[in-house]
Structures are given as structure tokens and as C-alpha cells.
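*Asks:* The chain contents come next:
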Amino acid sequence: MTTVGISRAALVLLLTALIAVPMVLPKLGSSFWIDIVAEILIWSLLAASVNLLLGYVGLLSFGQALYFGVGMYGAALSVIHWGAGFWGGLAIGIIAAMAMAAIAGSVAVRLTWHYFAIITVVFSLILYFAAMSSKPLTGGDDGISFSAPNVLAFGNTRLSLADQSVQYYTILLVVALCYLLFSLVVRSPLGVRFMAVRENDRRAALVGINVYLTRYTAFVLAGALAGASGALFAFFGRYASASYMFYHVSGEAVVWAIVGGAGSLLGPLFGTGLLIVFREIISTFWEHYLFAVGAITVLVVMFAPRGLAGAWNDLLQLVTRSGASASAPTSSPATDPGLAKPAADTTSGG
Amino acid sequence: MRDGGENVVALSVEGLTRRFGGLVAVDGVSFDLPTRRLNAIIGPNGAGKTTLFNLISGEIRADAGRVRVHGQDISGLKPHQIVRRGVSRTLQIKSVFSGLTVAENVRTAVMAHEGLASPFRPAASYGAVNRRVEELVAQVGLTPHLDTRASALSYGDIALLEIALALANEPKLLLLDEPVCGMGPQETEQTVLKIREIAKTVDVVLIEHDMEVVFAIADEIIVMAQGAILARGTPAEISSSPEVQEAYLGAPEEED
Chain A
1 MTTVGISRAA LVLLLTALIA VPMVLPKLGS SFWIDIVAEI LIWSLLAASV
51 NLLLGYVGLL SFGQALYFGV GMYGAALSVI HWGAGFWGGL AIGIIAAMAM
101 AAIAGSVAVR LTWHYFAIIT VVFSLILYFA AMSSKPLTGG DDGISFSAPN
151 VLAFGNTRLS LADQSVQYYT ILLVVALCYL LFSLVVRSPL GVRFMAVREN
201 DRRAALVGIN VYLTRYTAFV LAGALAGASG ALFAFFGRYA SASYMFYHVS
251 GEAVVWAIVG GAGSLLGPLF GTGLLIVFRE IISTFWEHYL FAVGAITVLV
301 VMFAPRGLAG AWNDLLQLVT RSGASASAPT SSPATDPGLA KPAADTTSGG
Chain B
1 MRDGGENVVA LSVEGLTRRF GGLVAVDGVS FDLPTRRLNA IIGPNGAGKT
51 TLFNLISGEI RADAGRVRVH GQDISGLKPH QIVRRGVSRT LQIKSVFSGL
101 TVAENVRTAV MAHEGLASPF RPAASYGAVN RRVEELVAQV GLTPHLDTRA
151 SALSYGDIAL LEIALALANE PKLLLLDEPV CGMGPQETEQ TVLKIREIAK
201 TVDVVLIEHD MEVVFAIADE IIVMAQGAIL ARGTPAEISS SPEVQEAYLG
251 APEEED
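If you read the protein sequences in the order shown, they are chains A and B.
Per our numbering, the first sequence starts with residue 1, numbered consecutively.
Per our numbering, the second sequence starts with residue 1, numbered consecutively.
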């Protein structure tokens, strides 16, 4: 079996398992875990948002919680004030987050590396304090709550989020759609541009790519992913709170993305899953469980720098290579180590 | 554009100036380079050669002066806009997309040239692009390495890949910054052959330190020193010029 074949099979298995969750877990007497899996799915989109920027265009954002928060309020406020349904609220949350990203991004993506990271934090802090102090609108720290709208109202059939299974499958559907779109984008010509900018922005410009516009597009799309995550979380918890805009939340998403493997589509989903499950189990008897999360992160960065996804790919390579009779490695090492390529390209006077 | 014959100007630079603080890196440089010639720019370190290239390719903004390529004014445009107008360049320190394969590298450049940015259709499904990629990779002789990661290529092959990237936009003008810098004799020979071949169809300007290479392939040479043009002529004229000899051998060490 080829690596592609195994990966496909694993994907089918994952999807089957996710679909089976509401049917199997109650039989094991733990309906509580259905909500945990739903929560993992939702938060994984915030990690995916970090991943789109870090893993595909090479920008490390510590401010994605801002777009999560805007998505949350977009959904909550449109339900409360305009009587929006689930789909309307979701759409408004995503659009609001994209609009926010379009504003912040026009400044942020002019910078790279630590400057970019800092300005994303600054933006999220400004909006965090603004949201905290506009209590009448946002409810500040306490937040605002609403009752769950229908997902579908069709004659007499009504599907409500109040039903745990309906809620779970709705979330799974939206999250799966987001990953589907994500996978299409990163394989498209636009994705090719993203990766060119990640690999070498100077060369990207020198083959005719507008680096600024490419980073900006990615930033707005990452805003959409974070917004979808926030809107779903608002429906999941039936409330929105400014506290979710704090950069602590952004930082957690960065950890999930890195532990899962930035630059791989589903890596961050597993990173989120692992660390949330870990939190749910360990925090019940050890309140300082974040120490352990920190230790896990350090170990992953040191021993599996490409995260869980990278480790999985290495394992696949190992299995298929030892399984196949004599398939040659795809790449040959540099013929002359003395002429190894210099790491960075710098402008030098001549 | 190529039917104008000998009197068409490939690259015209007029009063190009760039200061870095107190240093005038490029000082009112003007020249016209005729098309269908392989032009070389030489000069000691700090003469302003790379800065001149950076000004032409738009990576650095000029303080004064204009640049025209085949009569088209490209002054003040951004690097990606200049590439779209048919000017390509390679860098002194070879610059490719290291984490991508040779095919992916070239595909990136071809898609950028075609202006493709669809967010949905798979990048691998563009037949015309795939054919063009194969063609370009074959042109620089990297077909056996199509699926090799750029980071695993030898230095000479990275240089060839960079040339393939630069050719993807079907350039009218190709700027090569020290194309054989850091190469062994065999790689140098391979690259020089490739440059000669390319120069038959594309106007090439190269900066080079390796005098043997320059005198072997250039039709015309411009000598720069301290940001200005010191001499200009055929390889034979340049090699016998006393001014050039002085700039290279006689003059005391300059401070950059």
C-alpha cells in the first residue's frame, strides 16, 4: 500500500469515527464526551486558522482569537438583535471576522516575523479592551447569552441545536466543509502562491507574485476560519464573551497548530484533540496541568519539529519503504557537501 | 519586439542614482544596451553592480533616473510588476523555493506568469501549465530531477533551476547576477553553455567576477567602479584598457 493509500484509508476511518461518535459514546455511558469531541472540532478551526498563516504562508499570528471573538459576536448579536437562524448567524459571524481581518490585515501583512507577530497581538489587545469596555453591546467579561435557534425548520420538522446529536452533526458538517475548502485552496494556484511566499518571498516577487496581496488574501481567509470557529462556539455555548478575544486564546491555538504540525491540513485537528482531551482528563485532578502542556509542546518542538503530522508521515515512509521491495528514495542527497546551498539569500553589494 | 533588428535598445538606463547614507552606490549611471548581444557588467567589489540590478528589478527604489526595457518605462514599478513586463533576474546567492520540488518550483513561476490565482481548481490539473513546466525543466536539463526537492539538488543544479524560474515569464531581458559564483569548473562549464544558448533568444545582461567567463562569452563589457561607468567596449578593448587595469590591479583597496 502506498503512503497516499494509507492516508486515504486513515481519512475515511477518521470520518467514520467522527460520524459514529453520537451513536457509540452514549453506549459507553459517556454522553459528556460527545460535547468534548464537538468542542475539539470547533477549536480545531482556530488552530487551522493559525496553520493557514504559519504553515502555508509563513506568518506567525498571535492574534487569531480576535477573529474568533468577532465571529462569536457576529453570530450572537445577529441572533439576538436580528433574529437570525443558525445559518444566517454563522454567515454573519464569518463575514464579520473576514471584515475585521481585512482591516487589520491591510496593516499587519506589511510586516513579517516578529513584527507581524507583535502587531497581531496589539490588534487583538486593542479590540479585546474595546469589547470589554463596551458592556451594553458585548456584555464584557460576562458576555451575552441567547437561546439556540433552529438549524432547520421544515414544515413540522424542526432540527434544533438543543438536541445534542443535531448539534454535533451540524458542527461536524460545518467543520468538514471548512476543511474541504481549506484543502481545495491549498492545492489550487492560490495555494501555490501561498507556498511560494512561505518558501522565499524575495524569489516569489521575482517570479511575478504580488507578495503583499498573497499574504493579505491568506490573512482574510484565516480570519474566515477563525470566524467560523468563533461562530460555531457561540452556538455551542449559546453565548459570546469578550474574554475569548484575549491573546491567551490565540496562544493556545498556536500551540495546538504546532503540536499537530503546521503545514499539514489535518495536523492541527489532532493537536487540538490531543491537548483538549489531555486537559479534560488531567485537569480533573491536577489544576496545574498547563505545566504538562508546556512540557509536551517543548518535547514536540525538539523531537518532532513538524508535529504529530510530521511524525505520522515519517512513520508512513518507514512502513511503506520497509514494506516495498526496493523502491528508491525520491530525493538524492547533494552530490557535493562542500557546495551546500547557503541558508538565506541576502542582498550583497557587488 | 524582436523584429526591430540591431538598432533596438534592450535596456536603457538614464541617470540612475542611489545613495545609501553618505555613500553613492550608483551615481548617475546612463547606458543603452543593444538587443541580441550578451552584455556583461564587471567591476571590483563595491562598484555598485548588484545595486544597479536591484534598481532595475525594482527591489530598491532609485533616488533619480529612469529605466526602459525595449522602450517601455519600468521606473518606479514594484518587482512583481517588472517581472510581468518581461524582466527576470537571478541572484548572486542562488534563490529558489527550497522546500518544493523542481516541478513545483517551475510550476509556481509559470502560474505566476499566467496570472493564475484560482482558489479552487487543483494546481496540478492545468494541462498547458504542466507542459510548459516540462519544457522549461528540459530546457535547463533538469528533467531527471523533476520530483527532487530543490534543497536536495547540487549547487550547480540549483543555479539551473533558478534560471528556469527566470525563464518562466518568457523574458525580454534576463539579468544574471554572478551566475557561476561558487561553482566548480564542471558546473561553471555547464552553466556557461546554458547561458550562451539562452542568449540566442533572450537579451542577457550578466554581472560576473570570473574574468575568464566574462571574456569568453560577453559581446560587450561595461566596467563599473565606485558607482559609475569606468569603461565600455569589447572584451579585447577592455582587457587592454589601462584604466581598467588600474581599477582591478593598481588602485589601492577601497573601503566600502
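To be clear, the hints were calculated from the coordinates, so they are not data collected in a lab.
Careful, some of the hints might be misleading.
Among the chain B residues that face chain A by a calculated CB cut under 7 Å, a handful are [what the hints assert, rightly or not]:
(1) R85
(2) G86
(3) S95
(4) G99
(5) S118
(6) P122
(7) L165
(8) N169
Derived SDA-like pairs (lysine to any residue); straight-line CA-CA distance at most 25 Å [claimed, not checked]:
(9) B/K172 with B/R196
(10) B/K78 with A/I103
(11) B/K200 with B/D210
(12) B/K78 with A/T217
(13) B/K78 with A/P305
(14) B/K78 with B/S30
(15) B/K78 with A/V107
(16) A/K135 with A/W82
(17) B/K78 with B/A124
(18) B/K194 with A/R202
(19) B/K172 with B/G99
(20) B/K172 with B/H70
(21) B/K78 with A/R110
(22) B/K78 with A/K27
(23) B/K78 with A/T112
(24) B/K78 with A/I281
(25) B/K78 with A/D201
(26) B/K78 with A/Y115
(27) B/K78 with A/R202
(28) B/K78 with A/V211
(29) B/K78 with B/R61
(30) B/K172 with A/N210
(31) A/K27 with A/A17
(32) A/K27 with A/F246
(33) B/K172 with A/D201
(34) B/K78 with A/W82
(35) B/K172 with A/R202
(36) B/K78 with A/L111
(37) B/K172 with B/A216
(38) B/K78 with A/L213
(39) B/K78 with A/Y212
(40) B/K78 with A/W113
Virtual Cβ for every residue (Gly too), placed ideally from N, Cα, C.
*Asks:* Each hint: holds or not?
*Replies:* The hints, checked one at a time:
1. Against a cut-off of 7 Å between C-beta atoms, the interface hint on B/R85 is violated, since the closest Cβ of chain A lies about 9 Å away.
2. A cut of 7 Å between beta carbons decides the hint on B/G86: the least distance to chain A is about 10 Å, and the hint is violated.
3. Because the beta carbon of B/S95 sits about 4 Å from the nearest beta carbon in chain A, less than 7 Å, this interface hint is met.
4. For the restraint placing B/G99 at the interface with chain A, the shortest Cβ-Cβ distance is roughly 5 Å, inside the 7 Å limit, so the hint holds.
5. The restraint placing B/S118 at the interface with chain A holds, with a minimum CB-CB distance near 5 Å, inside the 7 Å limit.
6. At a threshold of 7 Å, the smallest CB-CB gap from B/P122 to chain A is about 5 Å, leaving the interface hint in force.
7. With 7 Å as the threshold, the beta carbon of B/L165 comes within range of chain A, its nearest partner Cβ sitting at about 6 Å, so the hint holds.
8. The interface hint given for B/N169 is met, as the beta carbon of that residue sits about 6 Å from the closest beta carbon of chain A, less than 7 Å.
9. Between B/K172 and B/R196, the direct Cα distance comes to roughly 15 Å. Compliance with the 25 Å bound is thereby established for this hinted pair.
10. In summary, the hint linking B/K78 to A/I103 is supported, as the alpha carbons are separated by about 23 Å, within the 25 Å threshold.
11. Taking the CA atoms of B/K200 and B/D210, the gap is about 21 Å. The hint holds against a cut of 25 Å.
12. For the suggested pair B/K78 and A/T217, the alpha carbons sit about 19 Å apart, so the restraint of at most 25 Å is met.
13. Pair hint B/K78 plus A/P305 does not hold up; C-alpha atoms about 36 Å apart against a cutoff of 25 Å.
14. Between the alpha carbons of B/K78 and B/S30 the distance comes to roughly 21 Å, so the proposed pair stays at or under 25 Å and holds.
15. Simply put, B/K78 and A/V107 have alpha-carbon atoms about 18 Å apart, close enough for the 25 Å limit, and the pair holds.
16. A threshold of 25 Å between alpha carbons decides the hint, and for A/K135 with A/W82 the separation of about 19 Å falls inside it, so the pair holds.
17. Between B/K78 and B/A124 the CA atoms are separated by roughly 29 Å; this puts the pair beyond 25 Å, and the hint is violated.
18. Note on B/K194 and A/R202: the hinted pairing holds, with a Cα-Cα distance of about 24 Å set against a maximum of 25 Å.
19. For the suggested pair B/K172 and B/G99, the alpha carbons sit about 29 Å apart, so the restraint of at most 25 Å is broken.
20. A distance of roughly 8 Å separates the Cα atoms of B/K172 and B/H70; the hinted pair therefore holds under the 25 Å criterion.
21. A distance of roughly 14 Å separates the Cα atoms of B/K78 and A/R110; the hinted pair therefore holds under the 25 Å criterion.
22. At roughly 63 Å between alpha-carbon atoms, B/K78 and A/K27 are farther apart than 25 Å, so this suggested pair is violated.
23. With a C-alpha separation of about 18 Å, the suggested pairing of B/K78 with A/T112 holds against the 25 Å cut-off.
24. Restraint check: the Cα-Cα separation between B/K78 and A/I281 comes to about 54 Å, which exceeds 25 Å; the hinted pair is violated.
25. A C-alpha spacing of about 14 Å is found between B/K78 and A/D201, which places the hinted pair at or below 25 Å, so the restraint holds.
26. With a CA separation close to 22 Å, the supplied pair B/K78 and A/Y115 stays within the 25 Å bound.
27. Between B/K78 and A/R202 the CA atoms are separated by roughly 12 Å; this keeps the pair inside 25 Å, and the hint holds.
28. As the CA atoms of B/K78 and A/V211 are separated by approximately 11 Å, the hinted pair is consistent with the 25 Å bound.
29. Pair hint B/K78 plus B/R61 holds up; C-alpha atoms about 9 Å apart against a cutoff of 25 Å.
30. Between B/K172 and A/N210 the CA atoms are separated by roughly 20 Å; this keeps the pair inside 25 Å, and the hint holds.
31. Distance hint between A/K27 and A/A17 is fulfilled; the C-alpha atoms sit about 14 Å from each other, no more than 25 Å.
32. Among the hinted pairs, A/K27 with A/F246 is inconsistent with the structure: their alpha-carbon atoms are about 38 Å apart, more than 25 Å.
33. With a CA separation close to 23 Å, the supplied pair B/K172 and A/D201 stays within the 25 Å bound.
34. In summary, the hint linking B/K78 to A/W82 is not supported, as the alpha carbons are separated by about 46 Å, beyond the 25 Å threshold.
35. Straight-line distance between C-alpha atoms of B/K172 and A/R202 comes to about 21 Å, which keeps the hinted pair within the 25 Å bound.
36. Between B/K78 and A/L111 the CA atoms are separated by roughly 17 Å; this keeps the pair inside 25 Å, and the hint holds.
37. A threshold of 25 Å between alpha carbons decides the hint, and for B/K172 with B/A216 the separation of about 23 Å falls inside it, so the pair holds.
38. A threshold of 25 Å between alpha carbons decides the hint, and for B/K78 with A/L213 the separation of about 13 Å falls inside it, so the pair holds.
39. Between the alpha carbons of B/K78 and A/Y212 the distance comes to roughly 11 Å, so the proposed pair stays at or under 25 Å and holds.
40. In summary, the hint linking B/K78 to A/W113 is supported, as the alpha carbons are separated by about 22 Å, within the 25 Å threshold.
The structure fails to meet hints 1, 2, 13, 17, 19, 22, 24, 32, 34 from the earlier list, while all remaining hints are met.
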